[in-house]
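Visitor: Since the structure of chain E is provided, determine the placement of chain Z on it from the hints.
If you want the building blocks of each chain, they are given just below.
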Amino acid sequence: MPSKSFDTPFLATPDTLEIRQAEHPFSFRNSKDEKLNALIVDAINRMGGVGDDAEENYRRALNSLTKRGPGVLDVIVAEYENLPEDSYLDRWSLVQLLVELRYPEAVNPLNRIIAARIPAEKLRKSHDMSTVAEEVMIRTTAVEGLVRLSADGVAEARDVLLKYAAHRTFSIRRACVQGLMQTGTDDDKRKLRRLLKERKEEALLKIKQVDVRSVPQPIGGRFVVPAQVKREAPPPDLRATKE
Amino acid sequence: MASCTYTVPDKAASGDNFYGAVICNQAYVDYFWNTYGFSGNKAYWDDGWGWDDCCNTSKPLARAFNGCYALTYSASDYLNDSYSAPILNWGRRYVRENIDDLRCFCGDGTAIARSKSGGLVEVYLGFFYSKDVPGRAETLIHESRHQGGKPHDANFPSGSVFGSGKSGADSSWDYEGAWMYGALYLWWYYAEGARTTSALRERARQRGNLVIDNAFATHPGFSI
Numbered sequence: 001m002p003s004k005s006f007d008t009p010f011l012a013t014p015d016t017l018e019i020r021q022a023e024h025p026f027s028f029r030n031s032k033d034e035k036l037n038a039l040i041v042d043a044i045n046r047m048g049g050v051g052d053d054a055e056e057n058y059r060r061a062l063n064s065l066t067k068r069g070p071g072v073l074d075v076i077v078a079e080y081e082n083l084p085e086d087s088y089l090d091r092w093s094l095v096q097l098l099v100e101l102r103y104p105e106a107v108n109p110l111n112r113i114i115a116a117r118i119p120a121e122k123l124r125k126s127h128d129m130s131t132v133a134e135e136v137m138i139r140t141t142a143v144e145g146l147v148r149l150s151a152d153g154v155a156e157a158r159d160v161l162l163k164y165a166a167h168r169t170f171s172i173r174r175a176c177v178q179g180l181m182q183t184g185t186d187d188d189k190r191k192l193r194r195l196l197k198e199r200k201e202e203a204l205l206k207i208k209q210v211d212v213r214s215v216p217q218p219i220g221g222r223f224v225v226p227a228q229v230k231r232e233a234p235p236p237d238l239r240a241t242k243e
Numbered sequence: 001m002a003s004c005t006y007t008v009p010d011k012a013a014s015g016d017n018f019y020g021a022v023i024c025n026q027a028y029v030d031y032f033w034n035t036y037g038f039s040g041n042k043a044y045w046d047d048g049w050g051w052d053d054c055c056n057t058s059k060p061l062a063r064a065f066n067g068c069y070a071l072t073y074s075a076s077d078y079l080n081d082s083y084s085a086p087i088l089n090w091g092r093r094y095v096r097e098n099i100d101d102l103r104c105f106c107g108d109g110t111a112i113a114r115s116k117s118g119g120l121v122e123v124y125l126g127f128f129y130s131k132d133v134p135g136r137a138e139t140l141i142h143e144s145r146h147q148g149g150k151p152h153d154a155n156f157p158s159g160s161v162f163g164s165g166k167s168g169a170d171s172s173w174d175y176e177g178a179w180m181y182g183a184l185y186l187w188w189y190y191a192e193g194a195r196t197t198s199a200l201r202e203r204a205r206q207r208g209n210l211v212i213d214n215a216f217a218t219h220p221g222f223s224i
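Each protein sequence line maps, in turn, to chains E and Z. So for the first sequence, our numbering puts the first residue at 1; every next one is plus one. So for the second sequence, our numbering puts the first residue at 1; every next one is plus one.
With the rest of the complex left out, here is chain E (with noise of 0.2 angstroms):
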């Protein structure tokens, strides 16, 4: 480990922060069922979960959720509808809710969440943010939703993934080829690899879902510290030995 100073007092005057907390995210303008929303919120909430039991807790708010049938949707997608467009990570999350539900309902609404115009960048400047990657992972994961209920044999999802097979997006468009090609019928597939010669986009077939022990790895860092030096990080979960 680098020997560093003590903190010392600055001389300058470094950048000065000021944080407004906001409201919950969700409105629930179209739902008073008030426990169903709270176990929309739960769900989310858990999908950030950190411990050893957070994919228990996390199932088992999903479960709690999957108790109240297919309504669940219309609450879902009407939240999803009424956010922000710049509150990206929300709007994820609900996709990601609608995909682990699984319901055969959710193709329509996963459909237009996929169809909807993607809005022009608007962080040009940069090279590491962009807003038009937030919307493509929203739509990506929606793929995944149709991926799912492909494989489960809900034949509508299968259309979708064709029909998007040929999406201006490359990274919505690679996601539906590899999802079409994994849980399709025979039939899909010869549509497929129909759409995409006539498309001239048969190279989209070579890029294949890996383990990631196949791919290659880095070779380690530039420096090796001395074992004397290290200091070792404290247990993951130090609550386990608090009083």
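Because the hints were derived from the structure by calculation, they are not lab data. Predicted model, so just to flag it, every value in this text is computed and none were measured. Hints are supplied without guarantee of correctness; some may be wrong.
Stated by the list, open to error - Below, computed lysine-lysine pairings styled on BS3-like, alpha-carbon distance capped at 27 angstroms:
| no. | chain 1 | residue 1 | chain 2 | residue 2 |
| --- | --- | --- | --- | --- |
| 1 | Z | K166 | E | K200 |
| 2 | Z | K42 | E | K122 |
| 3 | E | K125 | Z | K150 |
| 4 | E | K200 | E | K163 |
| 5 | E | K122 | Z | K166 |
Guide: Frame of chain E; chain Z shown alone:
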């Protein structure tokens, strides 16, 4: 000096609510502060950035600590940070060996973070408020790779969401640049991430695929 204000968005799906409850422990605060380049930079993390309120996940420092927690503990065998292990294990080691100073600034809205000379990495508002928790770990690894001597060496490909033809891409996966390190970290997080949820792992997958599809001049030919 710049002054900025920010309205804190939802903390749920980003992971900040739950990570925040965990990192609020002096042992973690000390470890992260002394390990990942915060030490010596108190002045930057003061004045609204959270130095005096480091458990408050509305503020940047706690959100940075959440990213550091994910970076440190997302491998089930996190104590093994050997470079022969997956990047999920040694990402934390690479960051601590390459970032000497981690400083926060308002920024001008055009970058999440920037790597400067001499081990200095600057992080801006977007790092805290538009990135989810594993995404912040990805950013620290990306910037560490620049410190490790790999600048971007190509322009973004045609149709890239990052801007066709703009500079800032890596030429290929084999270049082993910052985009490769970040994408590979997310890939391992998706495949093997511990102490997290399938939703955050799916988020990592989506972001990883976006990077693979859009940040290399030559597409690597595979996806997550």
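Visitor: Each hint needs a verdict: does it hold in this structure or not?
Guide: Hint by hint, here is what the structure shows:
1. Z/K166 / E/K200: Judged against 27 angstroms, a Cα distance of about 25 angstroms means the pair holds.
2. Z/K42 / E/K122: Violated: Z/K42 and E/K122 sit about 33 angstroms apart, past 27 angstroms.
3. E/K125 / Z/K150: OK: E/K125 and Z/K150 at ~21 angstroms, within 27 angstroms.
4. E/K200 / E/K163: holds (16 angstroms)
5. E/K122 / Z/K166: holds (15 angstroms)
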